[in-house]
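J.: Chains as they are written, first to last, in my numbering: chain A, 1 to 152; chain B, 1 to 152; chain C, 1 to 422; chain D, 1 to 422.
Since the hints were made in silico from the structure, they are not lab data.
Using 30 Å as the maximum straight-line C-alpha spacing, the simulated DSSO-like pairs for lysine-lysine come out as follows: (1) Lys41/B with Lys11/B; (2) Lys178/D with Lys156/D; (3) Lys85/C with Lys93/A; (4) Lys33/C with Lys19/C; (5) Lys11/A with Lys95/A; (6) Lys123/A with Lys33/D; (7) Lys33/D with Lys314/D; (8) Lys32/C with Lys59/D; (9) Lys11/A with Lys133/A; (10) Lys19/C with Lys85/C; (11) Lys95/B with Lys133/B; (12) Lys59/D with Lys59/C; (13) Lys123/A with Lys11/A; (14) Lys85/D with Lys93/B; (15) Lys314/C with Lys85/C; (16) Lys133/A with Lys95/A; (17) Lys93/B with Lys32/C; (18) Lys93/A with Lys32/D; (19) Lys59/D with Lys95/B; (20) Lys117/B with Lys95/B; (21) Lys85/D with Lys59/C; (22) Lys11/A with Lys93/A; (23) Lys59/C with Lys117/A; (24) Lys93/A with Lys33/D; (25) Lys85/C with Lys123/A; (26) Lys85/C with Lys95/A; (27) Lys59/D with Lys85/C; (28) Lys33/C with Lys123/B; (29) Lys59/D with Lys33/C; (30) Lys41/B with Lys74/B; (31) Lys337/C with Lys32/C; (32) Lys19/D with Lys59/D; (33) Lys59/D with Lys85/D; (34) Lys95/A with Lys59/C; (35) Lys11/A with Lys337/D; (36) Lys123/B with Lys337/C; (37) Lys123/A with Lys337/D.
Interface residues of chain C toward chain A, partial, derived using beta-carbon atoms under 8 Å: (38) Arg66; (39) Gly67; (40) Val68.
Each residue gets a CB set at the ideal place from its N, CA and C atoms; glycine is no exception.
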Amino acid sequence: MYQDVILDHYKHPHGRGLRDGDAEVHHVNPTCGDEITLRVKYDGSRIADVSYEGQGCSISQASASVLNELLVGKELDEARRIQDVFLELMQSKGKIEPDDAMEETLEDAVAFAGVSKYPARVKCALLSWMAWKDATAQALGEDRDNAVRKTA
Amino acid sequence: MYQDVILDHYKHPHGRGLRDGDAEVHHVNPTCGDEITLRVKYDGSRIADVSYEGQGCSISQASASVLNELLVGKELDEARRIQDVFLELMQSKGKIEPDDAMEETLEDAVAFAGVSKYPARVKCALLSWMAWKDATAQALGEDRDNAVRKTA
Amino acid sequence: MTVAHQGLTGLLDTEAIRKDFPILDREIHDGKKLVYLDNAATSQSPRQVLDVLTEYYEKHNANVHRGVHVLAEEATALYEGARDKVAEFINAPSRDEVIFTKNASESLNLVANMLGWADEPYRVDHETEIVITEMEHHSNIVPWQLLSQRTGAKLKWFGLTDDGRLDLSNLNEVITEKTKIVSFVLVSNILGTHNPVEAIVRRAQEVGALVCIDASQAAPHMPLDVQALQADFVAFTGHKMCGPTGIGVLWGRQELLEDLPPFLGGGEMIETVSMNSSTYAPAPHKFEAGTPPIAGAIGLGAAVDYLNSIGMEKIARHEHALTEYAVQRLLEVPDLKIIGPVTAEDRGAAISFTLGDIHPHDVGQVLDEQGIAVRVGHHCARPVCLRYGIPATTRASFYLYSTPAEVDALVDGLEHVRNFFG
Amino acid sequence: MTVAHQGLTGLLDTEAIRKDFPILDREIHDGKKLVYLDNAATSQSPRQVLDVLTEYYEKHNANVHRGVHVLAEEATALYEGARDKVAEFINAPSRDEVIFTKNASESLNLVANMLGWADEPYRVDHETEIVITEMEHHSNIVPWQLLSQRTGAKLKWFGLTDDGRLDLSNLNEVITEKTKIVSFVLVSNILGTHNPVEAIVRRAQEVGALVCIDASQAAPHMPLDVQALQADFVAFTGHKMCGPTGIGVLWGRQELLEDLPPFLGGGEMIETVSMNSSTYAPAPHKFEAGTPPIAGAIGLGAAVDYLNSIGMEKIARHEHALTEYAVQRLLEVPDLKIIGPVTAEDRGAAISFTLGDIHPHDVGQVLDEQGIAVRVGHHCARPVCLRYGIPATTRASFYLYSTPAEVDALVDGLEHVRNFFG
Ligand SMILES: Cc1ncc(COP(=O)(O)O)c(C=O)c1O
Ligand SMILES: Cc1ncc(COP(=O)(O)O)c(C=O)c1O
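Chain A with its partners taken away, still in its complex shape (with noise of 0.2 Å):
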């Protein structure tokens, strides 16, 4: 499972830190103790930054800076299209042997076929994928919040 890419992505954290963002979450792998704070930052539609700080083993720590990679940049629509399709091979357990469409897709994120087969590190995998989502779906909701208190 632990390709070197994801080795890589561990010692060499893409995005790493705190910066400005309209939505922050925490959250907690409560059984092994993993832990990321995560913020998003959006542009319109598109994703300006995801920063992040955590502690935890490298499968999460790894995930996230491949998360950060993946979808800094990308409209929304789009990411969560690749969300879907890390989820599908996270929940494979091991029985999806990625394609070049999911390939191109996933990028650096392939390299997690193998953890999908550990059920107990599936979790690691998904947390800042979770964390995302969450703040994603506060972000927007306080955009709405904040466009109706603008327009208000």
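Starting from the structure of chain A, add chains B, C and D with the ligands where the hints point.
T.: Only chains B, C and D with the ligands this time, still in chain A's reference frame:
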């Protein structure tokens, strides 16, 4: 376990029926619903009568009949000795092969040796004996009370 | 020896099935073949289940959840796989509604305790009522008596008709607006009666009461569909359905399991613990404190596979044919009186009876001497004995491996009992 | 590969012992020999136990108590025989003080619930206090938190010293006249600490509080004498002592078991039942509702026989020697920090540690790839992790079949982990 002696006592019980007594007890074997009402009558320290009424399996019924036959007319000390031997036999899990001395003490009651192999039935065999012990304690307790009252 | 059973239809190929059950080859009392008619007390386990148990301990044994090593992953997959199997077996809408307990008794106590500690609208307290029936197993009586004593709730029950059925004539007086929970047995272990669920559930729903069904004698013998039952909780036990001892099931509706408080506290059932307070894992784990009966659950999963491989419909048909035959043959025995429905309609394969005034203990013992294993006593349903004014019954109960020849052996055995004590 | 362990004394003949444990031959990850160092989570079962389980189901399986047929008598004799064995194993004054549960968690919940429903002088209510410690397993925390929430009793606890021992400096302030129950672990499953019983028991007796000891990590590893402990209750679990899953034990003092109310209601635990009220059987049956884990208890009896055949004193000596060696070897690993006593004195054979800032999940996973099974996480003792400011630990835990070579494999494995993430 169903020795002829046991079946005989079951079909033709000795001394069945409730007669006058110094004390009466009612005992139940909750696991199978065997019941007995038993009275003892003492003539000083001599057992004048053990009368009883009850419902239950052949073992519990035959055992009451044997008890009546064996104990009525005996001195209390002797009766207690007999009960101890019977108890020992019943708790032997089929491991005691009654010898002549035991046979002399227990008479027909040695026929219950086979029952001791069946833990579920030992309680049936002991029901009337426990009732007798209890009734005797009551009767003698009362006697003593009576004695105290008389001398007071 | 009578051979009256030729031409019975709907029977299983018991010759093949019996080969799966090592214990059925056992001889007792110097060479007498075992005739095992005590299936309502506990069933036997096929080789297929025993092999799974042994393989678990020889290859995969580890504590479940949280492990990152191979054995822990395997044990967890097997344990949770058993949950999937059980969920499918009872047609549960979600696998997370299947809670593993140690037996049906724990399952029923779990329901009673959840309701005692629950918040409104579920809370059972001194202003509310609990409804059971007079034909319940002690395991579906005592937990409610305890709850009633501890909360002040009133315990009420449905009585029985003379022919061994629930008396529902006063349905609306027994289940009222005050009723919080109605708990009843689907198939009685002593009378064999298969109870009508719909009428009771409809009335319970009318007044907003929860419904708990004790399916201990149903799950082993017929297709069980918790959605069709429309109950809120369904309890049953592994050792009566070809599974190992020490494993039971409580199925509960997801929303309820989410809302209701935990019962036992400990490892596995928590989300996070500090000295001051804890939060709980989602169901089913919330209700599974401590290391679960891992091998037991996996064995139950194997038992479910085995039963499915035969087919629950077919098992039900087999037992129905056998019960019909047994009722008919038993009624031929002089002085024999069936306690419970004297028919095979709406009844399970447990038949209780008295034999003149020969005490059931004696009946059972003399049958045992002939190799025939039946149960005698009050079958943990003493109120039924009180209701019919008898101290005890003899009970013969059948399963998928039971044969008409065993019914014949029983009938012949009873003749012998009569002669012996006659 | 290092061979530093020559000359260790007090070790068992593990070559012979390991032949009894089929799973120890298992190879994982393409031919790597299993190095099983997760014994504090669950132990493995020897052939001798597995054979007894299979033989039970193939020859004697029946429901216990009340049966008059041969199988029922045999099953009952085996089940009650297991109780005799366990009673002797812990030097219980009476066999009737041994209650079979499904696991240690149920045993501890049983105590908490008995005290919650008890009459005076045992009753825990809002004017009383419960005392535990900061090193308890969640199974000895959550039941008391629940009891505290439900009764209003105050929950207090002993803290920990920096070197992983109980801080008893405030013994008299923590245990006071208001204390009704003190419940603590004999040997910690995360720190390995073996706690001093006498001081705590003496203070508890002084104020008239009951004492409950969680011996889950002691019973498997050393002679256990409930009389010498002078506790009122002692809980442990079968699956950690070579027994099957799904069986636990609660030992309790006879007078208490007589006085305290039942917990779960159902079959087997009653004396007589009517719809209006029930009376209960004497202990231990009063506390064993429903069909017990029959095979589990019998398997535990076989495990006790097995442990006795090796000798608990010898097992303790073996583990002590191994622990001493392991502590010494582990301290050679750079960046490794033991969480718990850094000595083999007054400690069990479970050793928790951190390895630099490599997350325990990664440590465990990379060890697993080498065939080495350890546990990672908070080990159901999260307050200990909070206390020492760490998210989790890696834990290696030994048993009678563990060898110095396995310690060496662990140390080599940890070197590999360091290089891998270095
Ligand atoms: C110290 C301690 N107490 C209690 C338990 C709970 O045991 P079980 O999970 O078998 O209930 C464990 C093991 O998990 C333990 O190590
Ligand atoms: C109808 C019914 N309910 C509940 C039970 C209790 O099951 P268990 O003893 O496995 O808890 C039984 C069996 O004994 C039963 O027949």
